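For the protein sequence lines, the chains are X and R, in the order given.
With positions in the first sequence counted from 1, the corresponding number in my numbering is that position plus 8.
With positions in the second sequence counted from 1, the corresponding number in my numbering is that position plus 8.
Because the hints were derived from the structure by calculation, they are not lab data.
Since we're looking at a predicted model, the values are computed, not measured.
One or more of the hints may lead you astray.
The list treats identical chains as one, so a pair stands whether inside a single copy or across any two.
Stated by the list, open to error - Here are the simulated lysine to any residue pairs, SDA-like style, with alpha carbons at most 25 angstroms apart:
| hint | residue 1 | residue 2 |
| --- | --- | --- |
| 1 | Lys422 | Thr196 |
| 2 | Lys396 | Leu105 |
| 3 | Lys326 | Arg27 |
| 4 | Lys335 | Ile291 |
| 5 | Lys335 | Glu217 |
| 6 | Lys329 | Asp437 |
| 7 | Lys335 | Leu105 |
| 8 | Lys329 | Pro444 |
| 9 | Lys396 | Gly123 |
| 10 | Lys119 | Gly72 |
Protein chains: 2
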Amino acid sequence: MVDRILAAAESGLESSLGRLFALLRIPSVSTDPEFASRCNEAAMWCAEALGDVGFDAKVHPTSGHPMVVAHGGPPAGAGMPHLLFYGHYDVQPPDPLDQWRAPPFEPRIEKDERGEDIILARGASDDKGQLMTFIEACRAWKSAGGGLPLPITVLLEGEEECGSPSLEPFLEAHAGELKADVALVCDTAMWNARTPAITSMLRGLMLEEVVISAVSRDLHSGMFGGPARNPIHVLARILASLHDDGGRVQLPGFYDGVAELPDEIRRQWDALGLDEAAYLGEIGLSQPAGETGRSVLEQLWARPTCDVNGIIGGYTGKGTKTVIPAKASAKVSFRLVGRQDPRAIAETFRAFVRERLPADCSAEFIRHGGDPAIAFNLGGPYFEAARKGLAGEFGTDAALIGCGGSIPIVGSFKRRLGLDSLLIGFALDDDRIHSPNEKYDVASFRHGIRSWIRILGEMRQLEGGGS
Amino acid sequence: MVDRILAAAESGLESSLGRLFALLRIPSVSTDPEFASRCNEAAMWCAEALGDVGFDAKVHPTSGHPMVVAHGGPPAGAGMPHLLFYGHYDVQPPDPLDQWRAPPFEPRIEKDERGEDIILARGASDDKGQLMTFIEACRAWKSAGGGLPLPITVLLEGEEECGSPSLEPFLEAHAGELKADVALVCDTAMWNARTPAITSMLRGLMLEEVVISAVSRDLHSGMFGGPARNPIHVLARILASLHDDGGRVQLPGFYDGVAELPDEIRRQWDALGLDEAAYLGEIGLSQPAGETGRSVLEQLWARPTCDVNGIIGGYTGKGTKTVIPAKASAKVSFRLVGRQDPRAIAETFRAFVRERLPADCSAEFIRHGGDPAIAFNLGGPYFEAARKGLAGEFGTDAALIGCGGSIPIVGSFKRRLGLDSLLIGFALDDDRIHSPNEKYDVASFRHGIRSWIRILGEMRQLEGGGS
Chain X
9 MVDRILAAAE SGLESSLGRL FALLRIPSVS TDPEFASRCN EAAMWCAEAL GDVGFDAKVH
69 PTSGHPMVVA HGGPPAGAGM PHLLFYGHYD VQPPDPLDQW RAPPFEPRIE KDERGEDIIL
129 ARGASDDKGQ LMTFIEACRA WKSAGGGLPL PITVLLEGEE ECGSPSLEPF LEAHAGELKA
189 DVALVCDTAM WNARTPAITS MLRGLMLEEV VISAVSRDLH SGMFGGPARN PIHVLARILA
249 SLHDDGGRVQ LPGFYDGVAE LPDEIRRQWD ALGLDEAAYL GEIGLSQPAG ETGRSVLEQL
309 WARPTCDVNG IIGGYTGKGT KTVIPAKASA KVSFRLVGRQ DPRAIAETFR AFVRERLPAD
369 CSAEFIRHGG DPAIAFNLGG PYFEAARKGL AGEFGTDAAL IGCGGSIPIV GSFKRRLGLD
429 SLLIGFALDD DRIHSPNEKY DVASFRHGIR SWIRILGEMR QLEGGGS
Chain R
9 MVDRILAAAE SGLESSLGRL FALLRIPSVS TDPEFASRCN EAAMWCAEAL GDVGFDAKVH
69 PTSGHPMVVA HGGPPAGAGM PHLLFYGHYD VQPPDPLDQW RAPPFEPRIE KDERGEDIIL
129 ARGASDDKGQ LMTFIEACRA WKSAGGGLPL PITVLLEGEE ECGSPSLEPF LEAHAGELKA
189 DVALVCDTAM WNARTPAITS MLRGLMLEEV VISAVSRDLH SGMFGGPARN PIHVLARILA
249 SLHDDGGRVQ LPGFYDGVAE LPDEIRRQWD ALGLDEAAYL GEIGLSQPAG ETGRSVLEQL
309 WARPTCDVNG IIGGYTGKGT KTVIPAKASA KVSFRLVGRQ DPRAIAETFR AFVRERLPAD
369 CSAEFIRHGG DPAIAFNLGG PYFEAARKGL AGEFGTDAAL IGCGGSIPIV GSFKRRLGLD
429 SLLIGFALDD DRIHSPNEKY DVASFRHGIR SWIRILGEMR QLEGGGS
């Protein structure tokens, strides 16, 4: 049965690519209000595509960009697991334009330096190529399998690239309609082009901005230099104190809730055989900058960080200006692991800054929000079904990997819908998401469609549902 | 004799103000190419005004804004000192416009919060009001004293606010024409509204920019945070190491050539009776931030500094962006004293930075130039003549003050023309030069004209000249 459906997908691959290209042509840049109508257009396109595949799809307006909710397959509660598939139709801004090899919203297939066919476009990997692997898998089930094999709800949002402000209110308001047994999130990567992955943990994220004020107005450094407190110096000192020489964050209590990596996971990750020199070399480094004595993967997936993402103060234009500014500021973000509490991290950071303010200085903080880390319980029937599907497609076991980044939606699904998530994606680390010349391997697209076909087949055989 | 000339100046004060207003109306902003023709206009206005007063004035084009050179009075070498008066007709940009009480190029007289009449306009204090005190003093000598009392050369430039790029080449090319015995520079302040000052020392200035590079491109802090070296952290650590807790600069050799303040000067400055709390309070401070244990005036006039004038790296726009940038940079300037050598300071700064670079980081430096400190030998006939003139006008001795800022022209006069300078000005520290709502007290203008009248009278009685 599954073989028939795989064959249908194979023979329909060109058409599938054509449909993906149509979606890629819509510049659904969510952070820029000028593109709001294009985001609408992308939402409507997705709803139509889902309708074509047998879903009952609706576009729901929000105070931001619309949500697409589609229901299909056998009725829920029929003894089969009810899946909720999530993706996002919005994309990052394409800037800087002059660094793209071809226009970012005119998708094309090229051969890259590996000799592989790639789809070059903004959104090819994040997230349109990924979400289309699932929709095209559903299409193959409809055309060659008699219909969708399970109750499936598809939820597509249009604000993931700008912090998903409408998401939690929407989940809360529509919790009844969005009932399911497990969420499928297709927004992560494979271990490499030959090895699929299931992401087993995500780091959390907490963002703070701090503004240090000292003198009451910008001052001429001749007339006041010496006696005048310089907030850039104060800020630099505080930021410099955030880490010790071994890369350990110095905030009191920062490592509360951070457990040492279990040996089993350490062994699994070591067995992945990451070429650390190649990883570091690709970003211009010879040494990892994280906590001394820990592997690159451990630093990236299982250790918390504190990074200054931006700093500004004083005169930053061309040439010189001998000013002592009134203020200096920095944007700081923390990647969280384990049971670290975003609110506690914010508090210890603010206290740390305040304790280090010399006379005549004040600090103002702007909280930009936070989400804790998430670790998935591996095992369970959905996980096993996914593993089988992936092993069948790739001929090798899926790697169980962490992720250095954060996917807040996963926390929202747990909080608002009581749902666990399976994170399965077909992107690659060199897809240049958020950068110019974003790509998605045609092989990722093809394997992705085929993997979902298989996974849906495996899931269909599970007892389950009723929720 | 001098009384007659003072009386003429007194009765002509309204006309003098009228002429100053005409000059203030010309928006001679030298940093902005859009105002180049207005700078020309100001130069021509000055040449005409000098011509009216009996000078033979010429406008000399340069590759930048023109120089005005005017000669007047008895022929040089007639047994009298030959004076070279310097001022600048260009002004700072007026931005930010929305903070001005009235349009910056529509001068007016207002009463300020002290009940004093002030001239409100960009350039009122820096430097048009100041240079006009001298020109109007010359006018009074011509109208009531039979002519200029001494050989006087007037040199006005139009690029002081943008680093005077044309000045040194001009001095070199015209050294013969610009021969004199002493330079008079009217670009400094009084000690307070009742106490004139002669500035006895100027700090030097050295400017460097440093760019730290780490990773080879901007990175997503989820995908790379931990292993990825962050250049903002590296820069912050280096900048934080520049000073110890006592405010002492940590660059090796930084204090070479910095002598302790002679007791006599320390006593003179203590006797000035600066209200340290008021000075600091006016800029929002309760404590001076310079080297511990030194008075505010010593920190400001006789101690070297290192100030970061600007810092930038990563994302600095609205909201957040979880980026680890490829670079971070800072503009650093040093105020110099004594025999500190700008080139040696640049070298020790660069070595200091390089030594503190961790693996995989590099530093690029941009040298923005430098001038050493200048201290004047007080005493000598010109100095005494100036003291007498000022004491006669104000009824109190001139304070002998330092200056935290730098006036590179003074070094240029010494280097190119072999001239010492007398720094006498009538501005006040609250004139808000380089800021919105710049003002010049009408009393400063009046006392300035009268002081120059007296000083020229005193100078005329000296033997001298022949250079």
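- Message: If you test the structure against every hint from before, which numbers come out violated?
- Response: 2, 3, 9 and 10
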